[in-house]
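In order, the protein sequence lines correspond to chains A and B. In case it helps, numbering that gives the first Met the number 0 puts the first sequence at residues 0 to 317. In case it helps, numbering that gives the first Met the number 0 puts the second sequence at residues 0 to 266.
I should point out that these hints are in silico values taken from the structure, not numbers from a laboratory. Just so you know, these numbers come straight off a predicted model, no measurement behind them. It is possible that part of the hints are untrue.
As the list claims (entries may be wrong) - Some, not all, of what chain B presents toward chain A, calculated at C-beta under 7 Å: (1) H95; (2) N99; (3) L111; (4) N113; (5) S116; (6) C117; (7) G119; (8) G120; (9) A124; (10) Q144; (11) I147; (12) E150; (13) L174; (14) M182; (15) G183; (16) T231.
Stated by the list, open to error - The calculated label-pair distances, taken between Cβ atoms and stated as ranges, are: (17) A:G180 to B:N99: 22 to 28 Å; (18) A:V116 to B:N99: 35 to 41 Å; (19) A:F21 to B:G183: 43 to 49 Å; (20) A:E16 to B:N89: 43 to 49 Å; (21) B:Q1 to A:G180: 39 to 45 Å.
Don't be surprised by glycine CBs; every beta carbon is placed ideally from N, CA and C.
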Amino acid sequence: MSAPVATRVAYGEALPEMGELFPNLLVLDSDISKAMHTGVFEERFPERHFDFGIAEQDMMAAAAGMAAMGKIPVVNTYAVFAALRACEQMRTFIAYPNLNVKIAVSHGGLAVGWDGVTHQGLEDMSIVRAIPNMTIVHPADAVSTKKLLPQLIAHNGPVYFRLGRNPAPVLYAEDRPVTMGKADVLAEGGDVTIVACGLMVSESLKAAELLRESGVGARLLDMHTVKPLDAAAVIESAALTGALVTAEDNTILGGLGSAVAETLAENCPAPLRRIGVRDCFGESGDPAALFDKYEMSAAHIAAAARSAIAAKQGRQRQ
Amino acid sequence: MQRIARQIRCDIIRMIHAAGSGHPGASLSAVEIVTALYFSVMNIDPSRPDWPRRDRFILSKGHACPVLYAALARRGYFPADELMTLRRINSTLQGHPDMNKTPGVDMTSGSLGNGLSCGGGMALAARLDSLPARIYVLLGDGELQEGIVWEAAMTAAHYRLDNLCAIVDNNGLQLDGFTRDVMGVGPVSEKWRSFGWNVIETGGHDLDALVRAFESARETKGRPTVVIAATTKGKGVSFMENECGWHGRCPTGDEAARALVELGETL
Chain A
0 MSAPVATRVA YGEALPEMGE LFPNLLVLDS DISKAMHTGV FEERFPERHF DFGIAEQDMM
60 AAAAGMAAMG KIPVVNTYAV FAALRACEQM RTFIAYPNLN VKIAVSHGGL AVGWDGVTHQ
120 GLEDMSIVRA IPNMTIVHPA DAVSTKKLLP QLIAHNGPVY FRLGRNPAPV LYAEDRPVTM
180 GKADVLAEGG DVTIVACGLM VSESLKAAEL LRESGVGARL LDMHTVKPLD AAAVIESAAL
240 TGALVTAEDN TILGGLGSAV AETLAENCPA PLRRIGVRDC FGESGDPAAL FDKYEMSAAH
300 IAAAARSAIA AKQGRQRQ
Chain B
0 MQRIARQIRC DIIRMIHAAG SGHPGASLSA VEIVTALYFS VMNIDPSRPD WPRRDRFILS
60 KGHACPVLYA ALARRGYFPA DELMTLRRIN STLQGHPDMN KTPGVDMTSG SLGNGLSCGG
120 GMALAARLDS LPARIYVLLG DGELQEGIVW EAAMTAAHYR LDNLCAIVDN NGLQLDGFTR
180 DVMGVGPVSE KWRSFGWNVI ETGGHDLDAL VRAFESARET KGRPTVVIAA TTKGKGVSFM
240 ENECGWHGRC PTGDEAARAL VELGETL
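Starting from the given sequences, assemble the full structure and let the hints guide the process.
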């Protein structure tokens with residue numbers, strides 16, 4: 000496999016090709032074109048690139064206006080500024096009229112690290128998930144980012160595309176198909192299922208290795224499309240393994256963990272453990288050290304898996 | 000047009016009375032502005048509400064939608080008897096404008112401050128496609144308190160959006176009282192001028208003056224225009240004029256009847 004690449008970089012690199020594929024595609028920036036690597040698109044299509052300055056609300060509502068004129072605007076900002084500062088513009092002017100705006104955000108999660116709480120999007124997936132008509136895509140690596148991008152642009156409706164700041168290990172082979180809305184099975188195992196998204200997929204892959212070393216078989220689902228959730232994949236996994244763990248770099252309230260818990264509770268109750276930020280704010284620091292401190296690293300995912308398996312076995316004995 | 004404006008005023012009173020709630024003061028204030036646009040200024044075709052080359056109108060002060068719905072109905076976008084379904088369940092006429100439910104509504108609006116940003120995006124898209132479309136955005140003066148208005152004002156000037164025309168329905172009142180007491184927004188014209196806009200001040204109930212202002216805006220190149228329209232909240236109904244209590248109050252049957260008598264009709 001090739002060297003780790005941040006999903007935001009893979010996204011920026013793929014944009015010019017998207018510009019060729021989709022003549023109506025426009026790229027909107029809010030003074031972070033360097034962070035989002037949208038400069039290559041701007042160079043290729045200067046007339047289709049617009050900077051709005053440090054004014055995310057204006058950018059978001061302007062995107063709604065452009066979509067109402069038949070364009071496919073892609074707004075670029077950080078998770079906190081899209082889902083919190085410009086939340087109402089997203090909800091009332093994009094999601095409610097179901098306008099074809101793509102919201103590309105970097106800096107989702109604790110993995111933002113050094114910048115600290117102001118720039119760590121920890122609640123964004125929960126907020127966006129609560130808004131009707133929104134689709135949430137949160138890819139694990141550079142390859143799946145590039146495969147999902149044309150699909151979410153072709154999708155007629157608003158999409159929240161959550162990208163990461165830091166290099167992420169490449170997990171997908173170039174020739175492996177990835178389909179928006181369908182979870183991908185990245186590891187097979189019969190004892191427990193880990194359902195993960197974003198950077199937590201590679202962390203979960205490490206956890207699956209740790210478990211395998213101790214004789215525990217873990218199935219790993221990359222739930223890159225957090226909304227709408229691939230409920231069938233969750234239900235199938237519950238039937239196959241009877242115990243589940245979710246792993247997301249987001250609060251455990253309202254995001255992927257909640258979506259999986261809701262699906263299990265209504266369809267096939269099974270022991271579940273949720274890995275994520277546990278109803279608290281983050282802090283500045285090295286991302287790996289933060290993952291350790293906030294109990295989100297591979298070892299914690301593996302421990303959660305063992306706990307879920309123990310709960311399953313406890314139920315079976317009863 | 001004066002006859003149409005009077006008709007629209009009557010529609011506003013009747014529909015808000017039938018709905019049992021709504022915003023008569025803000026709607027009556029904007030009657031001439033909306034009438035001038037829909038019956039003289041705008042390049043539109045009611046038989047083709049989705050015609051790409053048409054001019055667009057965004058009612059950023061969306062709570063005044065009775066005036067927009069009445070104008071759309073009288074212009075032929077939908078039958079006038081639908082006006083009486085305002086705010087009812089399953090109605091095409093929502094409490095604030097909905098672009099997917101009401102034929103002729105170009106943009107969903109009503110959460111104050113956002114319309115000018117939407118209009119800026121429309122103006123940029125229209126220019127990119129070399130469309131002749133002009134984009135009109137109607138704001139209230141109280142609405143200017145929203146910060147996003149000034150973000151949008153910056154953007155429109157930065158991109159020299161001369162196909163964008165804002166109108167401020169400058170009636171001096173908002174929900175809680177006089178705008179100058181709640182949170183002063185003056186000096187209004189100077190603010191827009193300093194943001195790089197062409198500013199036209201005009202009487203907001205003078206149809207000919209409004210049409211001239213919009214013509215002058217159309218001829219202004221290289222920068223956006225704002226028409227600051229001096230208006231009276233509740234205009235046309237004596238007991239509603241300049242009374243902030245009529246911002247969001249529904250008239251009783253007796254009050255509606257008196258209002259219509261003043262306008263020369265009966266309930």
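How the hints compare with the structure:
| no. | hint | in the structure |
| --- | --- | --- |
| 1 | H95 | 9 Å, violated |
| 2 | N99 | 6 Å, holds |
| 3 | L111 | 11 Å, violated |
| 4 | N113 | 5 Å, holds |
| 5 | S116 | 3 Å, holds |
| 6 | C117 | 4 Å, holds |
| 7 | G119 | 5 Å, holds |
| 8 | G120 | 3 Å, holds |
| 9 | A124 | 4 Å, holds |
| 10 | Q144 | 14 Å, violated |
| 11 | I147 | 5 Å, holds |
| 12 | E150 | 4 Å, holds |
| 13 | L174 | 19 Å, violated |
| 14 | M182 | 19 Å, violated |
| 15 | G183 | 23 Å, violated |
| 16 | T231 | 30 Å, violated |
| 17 | A:G180 to B:N99: 22 to 28 Å | 24 Å, holds |
| 18 | A:V116 to B:N99: 35 to 41 Å | 38 Å, holds |
| 19 | A:F21 to B:G183: 43 to 49 Å | 46 Å, holds |
| 20 | A:E16 to B:N89: 43 to 49 Å | 45 Å, holds |
| 21 | B:Q1 to A:G180: 39 to 45 Å | 56 Å, violated |
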